[in-house]
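*Asks:* Sequence:
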Amino acid sequence: MGFAARGRAWWGGALHRWCASLPACLLALAGLALLLPGAARAEAVLRVLAWPGYADPDFVAVFEKRHGVKVEITTVASDDVLRAKMESAEGPGFDLVAANTAEIARLILHDKLAPLPLGNIRNTAGQLPRFRQLHTISGIGWRGEVYAMPFTYSEMGLVYDRQQFSTPPQSIAVLWDPRWQGKVLAFDGSSHGFSLAAMRRGLPPFRIDAARFSPLAKDLVALRRNVRSFYSLPEESVELFRKHKVAVMHANYGQQQLKQLRDAGLDVGYVVPKEGALAWLDCWAITRRSTQVALAAEWINYMLDPAVSREFTRRQGLANTLDEPPALAGDVPGGTMGPIVWLEPVEDEALRARLWQRIVSGDRPNRF
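Residue 201 in the UniProt record's numbering is what sits at position 201 of the sequence shown, and the numbering runs on without skipping anything.
You may find that some hints are simply not true.
Unchecked claim - Calculated cross-link-like contacts (lysine to any residue; reagent style SDA-like; alpha-carbon spacing at most 20 Å):
#	residue 1	residue 2
1	K274	R201
2	K218	D177
3	K70	T287
4	K243	R179
5	K245	R262
6	K85	R106
7	K218	Q357
8	K274	R162
9	K259	K85
What the hints assert, rightly or not - Derived CB-CB ranges, DEER-like:
#	residue 1	residue 2	range
10	V81	L109	17 to 27 Å
11	K274	P92	25 to 35 Å
12	N366	K243	25 to 35 Å
13	R179	L128	39 to 49 Å
14	P92	R314	26 to 36 Å
15	P178	V81	47 to 57 Å
16	A173	A307	18 to 28 Å
17	L128	R354	38 to 48 Å
18	E239	A125	33 to 43 Å
To be clear, the hints were calculated from the coordinates, so they are not data collected in a lab. Glycine included, each C-beta is placed from N, C-alpha and C at the ideal position.
Use the sequences and the hints to build the structure in full.
*Replies:* Here it is, written out as structure tokens:
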């Protein structure tokens with residue numbers, strides 16, 4: 001008879017002897033619960049904050065069965081929403097977050113993340129060399145500790161309707177072109193919005209001078225007046241693209257959106273314009289509030305499993321960190337006309353967010 005079985009037999013006798021007293025009976029029941037297989041684990045919940053498609057239900061189900069836990073997935077549609085959820089003091093908080101390197105750097109600065117137990121994340125051995133050299137990846141380390149593990153990445157190019165463009169669009173400026181008024185989609189995000197407007201003007205996208213915010217805000221009001229809609233989720237952009245016969249879209253989710261549009265039967269092309277394209281590297285990180293660091297590390301290890309990572313790429317069209325991606329899809333050699341610009345922390349995220357809310361809410365240009 002094993003330890004748990006002997007314990008249950010002993011507590012069974014104790015219940016018979018002690019339950020004449022209510023307090024003693026409650027104590028006995030609590031002790032029995034601790035000896036039941038999986039009783040403690042049944043209450044364990046791993047809370048994950050991630051982007052759409054990063055943790056599909058079947059991925060979650062396998063992890064839950066393997067570790068005997070419950071996983072709760074909360075998805076976000078923008079960096080602004082991610083920040084708000086990470087900063088909220090309500091509820092138990094999250095154990096894990098998936099965020100780009102710029103957001104990771106910000107979270108480290110605000111002491112929101114815990115150092116990774118790298119020895120517990122065994123599948124890093126299968127990552128490409130550039131992702132194993134963690135000290136070379138800006139934004140994920142601090143004072144000799146590593147706080148995030150690379151998972152997926154993409155550039156934010158332009159998706160366009162080949163039936164409406166005889167040649168691929170060359171510049172970000174196409175989003176402002178009055179010829180396409182009402183047939184443009186752009187992403188609803190404050191940081192990326194101002195960076196995009198800055199790149200159009202040939203300005204640094206992450207370090208905007210204070211005097212430049214007013215004219216750039218006016219540029220974004222003009223963009224608002226030219227777009228059919230600002231979208232948040234990739235699935236939303238596909239529906240809007242199809243429904244409104246959109247001509248061109250700034251693709252915040254990059255080749256993930258390209259794949260979804262092509263899977264939907266749309267004849268679309270994809271390019272990096274001459275000014276370049278913002279690009280993100282999303283990582284998994286464990287939050288400072290987590291009390292389940294070992295389990296959270298198992299989640300990261302699981303997401304880097306070759307079968308999971310490659311299936312994620314097959315479904316979402318996004319690169320993983322284990323395999324070299326195919327050449328950038330597009331209608332120009334290599335699919336690029338400009339550089340890939342990796343995201344960095346911005347000069348004043350709160351100011352960008354305040355101005356963006358005024359812009360998308362309909363404020364007039366003369367008020368900026």
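*Asks:* Work down the list of hints and note, for each, if the structure agrees.
*Replies:* Cross-check of the supplied hints:
Distance check on the hinted pair: K274 and R201 sit about 12 Å apart at the alpha-carbon level, within 20 Å; holds. Taken as a hint, the K218 and D177 pair is honoured in the structure, with Cα atoms around 15 Å apart against an allowance of 20 Å. The suggested pairing of K70 with T287 holds, with an alpha-carbon distance near 18 Å, which does not exceed 20 Å. About 19 Å separates the Cα atoms of K243 and R179, which keeps this hinted pair within 20 Å; it holds.
Distance check on the hinted pair: K245 and R262 sit about 14 Å apart at the alpha-carbon level, within 20 Å; holds. Between K85 and R106, the direct Cα distance comes to roughly 14 Å. Compliance with the 20 Å bound is thereby established for this hinted pair. For the proposed pair K218 and Q357, the alpha carbon gap of about 13 Å is at most 20 Å, so the pair holds. A hinted pair counts as satisfied when its Cα atoms are at most 20 Å apart, and K274 with R162 qualifies at roughly 19 Å.
About 29 Å separates the Cα atoms of K259 and K85, which puts this hinted pair outside 20 Å; it is violated. At roughly 19 Å, the beta carbons of V81 and L109 sit within the given window of 17 to 27 Å. Distance hint for K274 and P92: a CB-CB separation of about 47 Å, inconsistent with the stated range 25 to 35 Å. Between N366 and K243, the C-beta spacing of about 33 Å keeps the proposed range 25 to 35 Å intact.
The hint said 39 to 49 Å for the Cβ distance between R179 and L128, and at roughly 42 Å that hint holds. For the pair P92 and R314, the beta carbons lie near 33 Å from each other, so the given range of 26 to 36 Å is met. For P178 and V81, the hinted distance range of 47 to 57 Å is not satisfied, since their beta carbons lie about 31 Å from each other. Look at A173 against A307: about 43 Å separates their beta carbons, and that is not inside 18 to 28 Å.
One distance hint, 38 to 48 Å for the beta-carbon pair L128 and R354, holds here, with the actual separation near 39 Å. Distance hint check: the CB atoms of E239 and A125 are about 40 Å apart, consistent with the given range 33 to 43 Å.
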